[in-house]
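Sequences and hints are given; from them, build the entire structure.
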Amino acid sequence: MSDTTNYKVQMDACRPGSEDLCLDELKDAAARVCDYASDAAVFQRSQDWDKTVGEVVRNGPVPTGLALALLESVRANEQELVCRDVDLNVATRRGRRRYVAWGTGLLSLATVVGLVVFWSWQSVPDRHLTRRELLASVERWIVKPGMEWQLLTEQEIGRFSLDTRVNFHPDRWQAISLGTGNDAVVYSDAFARRDSLYLFVIEVGSDAEIDLPSNPPRAADWNSRGWYVGVWKRDHRVYALAVKGNGARDYKRLLRPVRIG
Amino acid sequence: MDIEELIDQHHGTLYRYAYRLTGRVEDAEDLTQQVFLLAQQKLHQIRDASKARSWLFAVLRTCFLKNCRKRVEIPVTGMAMEIDDIPQDVPGGDEIDCERLQQAINELPETFRLVLLMYYFEECSYKEIAAHLEIEIGTVMSRLSRAKARLRYQLIPHRKTVWGANRGLMSLSTDETTLR
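Residue numbers (this note's numbering), protein chains in the order written: chain G, 1 to 261; chain F, 262 to 441.
No lab work stands behind these hints: they were computed from the structure.
Hints should not be assumed to be uniformly reliable.
Covered stretches of chain F, as calculated for chain G (at least 3 residues, CB under 8 Å) [to be verified]: (1) 289-300; (2) 315-324.
Heads up, simulated DSS-like pairs for lysine-lysine below, C-alpha to C-alpha not over 30 Å straight-line [what the hints assert, rightly or not]: (3) G:K144 / G:K233; (4) F:K388 / G:K27; (5) G:K51 / F:K312.
Beyond 12 Å from chain F on every Cβ pair, some chain G residues (computed) [stated by the list, open to error]: (6) R45; (7) R75; (8) R132; (9) E154; (10) N167.
We put the CB at the ideal spot given by N, CA and C, even for glycine.
Okay, here's the thing in structure tokens:
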């Protein structure tokens, strides 16, 4: 924009009867008005014209009855708003009642589901631990034994008590997961060669239905990769004796003789 | 302040402003009604009664622009009279043809029309216009100057002059220029 155009545009921005010409953005116009009488005259004519146009623009006929029509429309709108509020309140109350009903229902459902889950969790050992599963879990552990051994304490041996019918002298133990949800530990024998003799003790609950003998079997149930394993159940625990060595003979040597009579 | 009071005090001014903006009686009435219905819902926003008028104007502008957005803005072509071509004997108010005035306003693109009426009707400064419409001061000045030049051309008896292609006005030409 050229200087000439600029000061004219600035003059046009001045409101009639205002002090706008003193503003910073209009300094070019102010300078022209101050320095040139012709520009001062142009500015004055422009201001007069703008004053006249402004007055005409701000005036004009207003339709008769407009105020009344507007009042009626706002009153009608007010009633509509009130009705909508009432509807909304009713809807909100209904909504709240619905939420309460839903909430109660959901809470009840959650409680039932929780109880079922809890019951299921509680019954997992009884329902899910099978002989095959037990042997598979033991095998998995033997193939890849855990290394978190801890020295044995009276407390631990009290919780997962040994079966006196087995000639086993534990010195270390570790808690293990068989993937069945049962609490279990494995003991390592103090006199056997390292990682060659283990006794697994698994909590199963007294009424667990697992098809296992109540005494340590005289012959190993399972052998694989040089390991012989015999499993049995006593009270609420399942035992698995695993020995690596010279076959069935080493396994049998670990069993105390059964007293007769 | 309640809505009835607002209507009583401001309906005339608001209608006139609406008429200047829309150029049609029916549209002006609709726009005025729209403003008061909105005002009814947002009455709590008016804390200072002395500012009610400017608040209503702002609502009116918003409604007007909202309505405008639904339409396609048609470029308006027309002639213009620059500020230094205003004759010595400027017409008085009673010499201005009101219909022609409104026609001239109607022919302006809506964005120019709004700036022009904020200047003439609301008597806003260019800074206030820029602030309300959130546009640059330079844009306001440019639009205002062009819109006023067009209005002058339509309302003041003159020799034919038009905006040149690149600068100012050119005398005795029938060329037209587009206001954008």
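**Study point:** Violated hints, by number in ascending order, as checked against the structure
**Key:** 2, 6, 7
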